[in-house]
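Colleague: If you read the protein sequences in the order shown, they are chains A and B. First residue of the first sequence? That's 1 in the working numbering, and the numbers climb one at a time after it. First residue of the second sequence? That's 1 in the working numbering, and the numbers climb one at a time after it.
There could be a bad hint or two in this list.
Stated by the list, open to error - Calculated Cβ distances over 10 Å to all of chain A for the following chain B residues: (1) Pro14; (2) Arg56; (3) Glu81; (4) Leu85; (5) Leu104; (6) Glu129; (7) Ser132; (8) Gly164; (9) Gly166; (10) Ala167; (11) Pro198; (12) Leu204; (13) Arg244; (14) Phe289.
To be verified - To spell it out: a stretch of chain A is covered by chain B in this simulated footprint if at least three of its residues, at any positions, have a beta carbon under 8 Å from a beta carbon of chain B; those stretches are: (15) 113-124; (16) 330-341.
What the hints assert, rightly or not - Partial list, derived from the structure: chain B residues whose beta carbon lies under 8 Å from chain A: (17) His120; (18) Phe124; (19) Val125; (20) Asp149; (21) Ala150; (22) Gln155; (23) Thr161; (24) Leu174; (25) Pro176; (26) Glu265; (27) Glu267; (28) His269; (29) Val273.
If you are wondering where the hints come from, they were derived from the structure by calculation, not from laboratory data. C-beta atoms are modelled at their ideal positions from N, C-alpha and C, and glycine is treated no differently.
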Amino acid sequence: MKVAFLLNDLQLSGGVGVVVQHARQLSTIEGWEVTLVLVREEEGTSWHGYEHLPHLHVRSREQALGERYDVAVATWWETTFTLFELSADRYAYFVQSLEDRFYQHDEAERMGAALTLNLPVAFITEARWIRDTLAGLRPGAPCYLVRNGIDKDVFSVPARVTINTDDPLRVLIEGSPSSWFKHVHGAIHAAAAMREPRHVTVVCGDRKALGDVAADAVVGPLSHREMAALYERSDVVLKLSSVEGMFGPPLEGFHRGATCVVTPVTGYEEYVEHGWNGMLTDWDDLRGTARQLDLLARDRELLHFLRANALETARAWPSWEQSSQFMAAALLRIGREPRPDADAAAARMLADVRSSIDVHGAYLRERVEFARRASRFERPLARLAGTAPMRLLLALRRRRVVKILAYPLRPVTARARRLMS
Amino acid sequence: MSDWQERITHETPPAIQAEHELRYRLAAPLILAGGRWADLGCGNGVAAAAALGEARPAHAVLVDVDERAAAAAARELGLPEATALAADLTDPRDLQRISEALHLGEGEPPVVSCFEVIEHLSSFVPLLEWSSLLAQEHGVTFLISVPNDAFWSIQNPHHRTSWGEGAFEELRGLLPAEQTLLRQIALTGSALVGWDAPAQPYELVVAAGGEGTVATHFIAAFGPGQQALRSCALAVQADMVEQRRWERQRENDLALMQKVAVEHEAEVHALDVKIIEQGEALRERTVWFEEWRTYIHELERELGRPLSGASQEELPAAGPAEPPA
Chain A
1 MKVAFLLNDL QLSGGVGVVV QHARQLSTIE GWEVTLVLVR EEEGTSWHGY EHLPHLHVRS
61 REQALGERYD VAVATWWETT FTLFELSADR YAYFVQSLED RFYQHDEAER MGAALTLNLP
121 VAFITEARWI RDTLAGLRPG APCYLVRNGI DKDVFSVPAR VTINTDDPLR VLIEGSPSSW
181 FKHVHGAIHA AAAMREPRHV TVVCGDRKAL GDVAADAVVG PLSHREMAAL YERSDVVLKL
241 SSVEGMFGPP LEGFHRGATC VVTPVTGYEE YVEHGWNGML TDWDDLRGTA RQLDLLARDR
301 ELLHFLRANA LETARAWPSW EQSSQFMAAA LLRIGREPRP DADAAAARML ADVRSSIDVH
361 GAYLRERVEF ARRASRFERP LARLAGTAPM RLLLALRRRR VVKILAYPLR PVTARARRLM
421 S
Chain B
1 MSDWQERITH ETPPAIQAEH ELRYRLAAPL ILAGGRWADL GCGNGVAAAA ALGEARPAHA
61 VLVDVDERAA AAAARELGLP EATALAADLT DPRDLQRISE ALHLGEGEPP VVSCFEVIEH
121 LSSFVPLLEW SSLLAQEHGV TFLISVPNDA FWSIQNPHHR TSWGEGAFEE LRGLLPAEQT
181 LLRQIALTGS ALVGWDAPAQ PYELVVAAGG EGTVATHFIA AFGPGQQALR SCALAVQADM
241 VEQRRWERQR ENDLALMQKV AVEHEAEVHA LDVKIIEQGE ALRERTVWFE EWRTYIHELE
301 RELGRPLSGA SQEELPAAGP AEPPA
C-alpha cells in the first residue's frame, strides 16, 4: 500500500503532529510505504524534530509528481490544491477541523477552506462532531472516523494521582496567543481573577505575541516530554477556545492526572464530562470561570475526584498504535471502494460557489455602506479639528494640569476615542 | 494467559459466565441454522456449550491462539469431530486457513462468532479486512463484541487495545454498512424462594436499556444473517460459594504475588547493596594495586629494569643504565 500524506510543511504543530504520528505508525506495517509530501513550494524540507522517523519518506511536491500512489491524502485545506496533481488511484481528505472557522467572516480563506469540503474525495476525520457535520454537508460521501491516539509512552498514565491539599491550585494555560480562537489571554484573565491562591503557568511558543501577562511562569516552546512533565505538576488545564478539532491538550492533561476547566468547544464531548472528570464553563464568562477555579482551589476533595476520574478516562483512550490501525483499515477500505461521485461533488461545489459569491457581495455592499456613513462624519470632524477653539483645546491637552484635571474623565474619553476610530 | 484472569471456566463467577453465555445465546439461532460455525477465540468453550444447550452445530471450527484451549473447547462442546485450530488472527495466512476450514461456497453460509477477541490482538486490521471480505463476497455472517473499557477502573493487562463508545464507533464505520448493533448491559437482581422449595424457573420482567444506559460490551453483527438477531436477556442464580472461592483465590494469588514481589524487591535491594560494596572494594583494591605498582616501578627504575606490566610505549627511553644507588 503506497500512501502519500500532503502537508504544507513540517513545522511543529498539533495538526502536523497527528499526521506524522499516523504516517509513522503506518510505515511500520509490512508492505506499506508512506510518504509525506510537502506542498508549500517556497519552503525547504524542514525535518527538524522528526529525525527519529527513519522509515518515512519525505518528498517535495515536484518529487511526488513523478510517483504513483494507491491513496493520496490531503491533510489541510490548502494541501487540496496539490491533491489532484498527484497520480493516485484514490484521493482522500483527512479533516482535522472545519478549517473555515480559523478565519474571520470577511477573509477569503474562509470561503476557500469551506469549498474544499465539496471535493470528490473520501473523508477521514478525527472527531465525531466533524463526521456528523460532514454527513450533513456531504450526505452519501464516504467518511471514516479515526480519532487521534495518545502517545502512551510520553503521556503515560500513572497508577494514581498525587493529592494536592497544601499547594495553591496549579493552573496550566496552553495555546497560541496569536490564534484568536484560542482565547489564551481570556484564560489568563480568568485565572488572574481568582480569589484563592493559585499558581498559573502559561505554555506558549510565541512570547512576543503573548506580551506581558499576569502569570507566575511563562514557559515554552516545550517538547512533548516536557509538556507531559508539566501536566503532571498541574491540577487543572484551563482552555477557553472557541474553535477546536479533536481538542487534544486537556486529554493529554488527563493522562498525567490533571483535570480541566473548558468551554463547550467542539471536540470536548469526546471525553469531557462536566462534574465527572472536568468542568465546563460558559462562553465569554471570565468571572464564572474564575469562580469555578476558586471552587476547585477550595474544595480539594472535588479536585481530587475530578483528577482521579480524568485518569480513568485517559486509561480507556486509544494509543497511537490503535488509532493508526483504524487509519490503516480506513485507507484499505478507501482503496477498495469505488471513487466518490465527481458529478455530485461538482454540482455541490458550484452551488456553494454561487452562494459564496452572494455572501461576499453582501459583505462588500455592507462595507461600502459603512464607508459612506463614515465619510459623512469625517468631513465635519476634520473641519471642527481645524477651528481655533479646537486647536486651543488640543494644545491644552498636553499641559500637566489639564491632564490631572481630566483624569476622572478617562473612561468617557477612552470610549469616545474608540467610537471615533 | 491464566484461566482465572481472562478465560471463562466453570469457576468463573456466574455473572461473568452469564454475560458470555448471553452473547452465544444471541448467536445460537444462526449457529444452529445448518451452516458451518467458526468460533474465533473460543477459549475453553464453556459459554458456548451452556448457550447451545443440547443442540449442536453440524460442523464447528474452533479457533484459539492456544491449541490446548481449542481442543478443550471441542471436548466441552462434545464435538470430537470439530476442527480445532491454533491460529494467530493477526496473520493473514492463518485467516486463510480458517477460510479453508469453513469450506466457503458449500452448503448453508457459515457464521463466525468473535467475542472478546479484538482487544487481545496486536493488530485487528487483518481480521477486519478478512471478515468484511467474507461477509460481502461469501455471505458469511459475523458477530463480534468488544468490552467497554471506559467503565473499568483498572487496566486489563491482557488487552492490547482500549475500547469505549468512541472506539466502537470507529470500528463500526469500517464494517459493512448493513449491520446490527447491540449494547450489552449488566443486570442485577434478587429472588425470594420457598424455604425448602426445589430449584425452579422464574419468569422475570426486566426494564432494560434506554437513554444513558451504560453498556458493558458492544456487539456488532454483519453479513446476511445479521437481521435475524433478536435482543435477549439472561439472569442466573448467583453461586455465592463459587463466587467466594473465586474472590478468595484472586485475593490469595494477589497476596502471594505481593509477597513474592516484596521478596524480589528485597533481593534486588540486597543485590544493589552488594554491588555497591563490591564497587567500593574494587575501588579500594585498585588504589592499593596502583600504590603497589608505583612502588614496584620505582624499585624497577632504581634497578634499571623494564617496568613490569608496562607496554613498549611506557618503557623508559633507552640510555645508559644508572648504577643502583
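Colleague: Of the numbered hints stated previously, which ones are contradicted by the structure, given in increasing order?
Modeller: When the structure is compared with the hints, numbers 6, 7, 8, 9, 10, 15, 17, 25, 26, 27, 28, 29 turn out to be violated.
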